[in-house]
Amino acid sequence: MEIEIELALFINLCLNSFIIKLSALFLKERARFWFLSSLVGSVIALILPMFSLEWWLKILIIIFTCNIIEAISFEIKSIKQYLVKFAVILFCTFLFGGGCYCITNLFGELPLIIVCVIGFIIYTISKIIINIQHRKDKIAKFTFNVTLKDGDKVIYEEGYLDSGNVLYDNITKKPIILITFEVFNKLYQNINYINALTKNFDKSSVKDGHFVKINGIGSGTSILVFTVDEVILNSEKSFKDVALGLSFSEFDKSFGKKILLNNALV
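Counting from 1, position 205 in the sequence shown corresponds to residue 230 in our numbering; the numbering is continuous, with no gaps.
Simulated from the structure, these hints should not be mistaken for lab results.
Beta carbons: idealized from backbone N, C-alpha and C, even for Gly.
Watch out, some of these pointers could steer you wrong.
[What the hints assert, rightly or not] Subject to a maximum C-alpha distance of 25 Å in a straight line, what follows is the list of computed DSS-like cross-link-like pairs (lysine-lysine):
| no. | residue 1 | residue 2 |
| --- | --- | --- |
| 1 | K178 | K161 |
| 2 | K166 | K224 |
| 3 | K152 | K211 |
| 4 | K238 | K262 |
| 5 | K161 | K46 |
| 6 | K46 | K211 |
| 7 | K174 | K228 |
| 8 | K152 | K174 |
| 9 | K211 | K163 |
| 10 | K174 | K83 |
| 11 | K178 | K265 |
| 12 | K198 | K161 |
| 13 | K83 | K166 |
| 14 | K265 | K228 |
| 15 | K105 | K178 |
| 16 | K232 | K198 |
| 17 | K232 | K166 |
| 18 | K163 | K265 |
| 19 | K262 | K174 |
| 20 | K228 | K262 |
| 21 | K278 | K238 |
| 22 | K53 | K232 |
| 23 | K198 | K152 |
| 24 | K178 | K262 |
| 25 | K224 | K278 |
| 26 | K198 | K105 |
| 27 | K163 | K198 |
| 28 | K198 | K166 |
| 29 | K102 | K198 |
[Stated by the list, open to error] Label pairs and their calculated CB-CB ranges:
| no. | residue 1 | residue 2 | range |
| --- | --- | --- | --- |
| 30 | K228 | V179 | 18 to 26 Å |
| 31 | P74 | V191 | 34 to 42 Å |
| 32 | T223 | V179 | 27 to 35 Å |
| 33 | K262 | I153 | 47 to 55 Å |
| 34 | A165 | S247 | 26 to 34 Å |
| 35 | K161 | S247 | 29 to 37 Å |
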């Protein structure tokens with residue numbers, strides 16, 4: 026009996042830890058004293074089944090427990106902040122409880138250790154989804170509508186502002202905006218991918234075309250740098266005679282954008 030109680034305490038401790046860690050991930054905060062709040066929640070969860078309580082009273086106790094966890098693990102500065110954090114903790118609590126309930130309905134009563142494994146799976150999947158969404162939000166925050174104009178050619182793309190892009194043309198001293206071959210090809214259809222990659226083309230056919238060694242992209246690697254008449258960001262900021270650099274580093278796979286804006290232009 027003592028072993029079962031210790032095991033139940035351990036499982037509840039794990040599940041409460043998952044709930045707190047996942048809530049912190051949702052809120053983009055670091056949970057403080059998470060072990061203490063997990064322990065408090067676990068003790069309440071162990072004591073609760075000892076009493077024959079109405080369903081609504083059990084829900085009130087769960088709400089009370091969520092309040093304790095919030096008070097211990099998260100800083101609260103306003104009513105709005107309290108309500109948001111409470112709602113997140115409550116959601117995560119029902120997420121784990123609902124997941125375990127569904128599995129139990131499908132397969133019957135499960136050993137406690139299996140419940141812990143299910144909780145870990147729910148936590149891992151949720152964490153992956155949240156991290157993906159956070160990354161999308163971050164990219165959207167630093168995404169700009171970009172218009173490239175050169176002669177009679179006008180190209181509309183989305184660009185990502187990369188704080189790490191501080192590249193400068195050592196000849197013209199201009200900041201360099203990196204573009205993929207797909208964007209470059211819209212400006213210069215006569216240069217195919219292989220020729221551009223191997224630099225087997227007449228650089229004089231490209232406006233102000235020259236090669237610049239870029240240590241940040243690869244040791245000893247040089248990229249084609251050229252200029253376009255104008256670059257417009259979000260239909261607001263306009264820059265004349267801007268330097269573009271043709272990159273084959275496949276940054277578009279990381280950011281989902283074909284233009285990597287220079288930090289100096291925004």
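Status of each hint after checking the structure:
no.	hint	in the structure
1	K178 x K161	31 Å, violated
2	K166 x K224	35 Å, violated
3	K152 x K211	39 Å, violated
4	K238 x K262	29 Å, violated
5	K161 x K46	21 Å, holds
6	K46 x K211	47 Å, violated
7	K174 x K228	20 Å, holds
8	K152 x K174	42 Å, violated
9	K211 x K163	28 Å, violated
10	K174 x K83	65 Å, violated
11	K178 x K265	15 Å, holds
12	K198 x K161	33 Å, violated
13	K83 x K166	42 Å, violated
14	K265 x K228	21 Å, holds
15	K105 x K178	50 Å, violated
16	K232 x K198	16 Å, holds
17	K232 x K166	32 Å, violated
18	K163 x K265	28 Å, violated
19	K262 x K174	13 Å, holds
20	K228 x K262	29 Å, violated
21	K278 x K238	23 Å, holds
22	K53 x K232	46 Å, violated
23	K198 x K152	44 Å, violated
24	K178 x K262	19 Å, holds
25	K224 x K278	23 Å, holds
26	K198 x K105	49 Å, violated
27	K163 x K198	30 Å, violated
28	K198 x K166	28 Å, violated
29	K102 x K198	48 Å, violated
30	K228 x V179: 18 to 26 Å	24 Å, holds
31	P74 x V191: 34 to 42 Å	60 Å, violated
32	T223 x V179: 27 to 35 Å	29 Å, holds
33	K262 x I153: 47 to 55 Å	36 Å, violated
34	A165 x S247: 26 to 34 Å	33 Å, holds
35	K161 x S247: 29 to 37 Å	33 Å, holds
The structure fails hints 1, 2, 3, 4, 6, 8, 9, 10, 12, 13, 15, 17, 18, 20, 22, 23, 26, 27, 28, 29, 31 and 33 (numbered hints given earlier, in ascending order).
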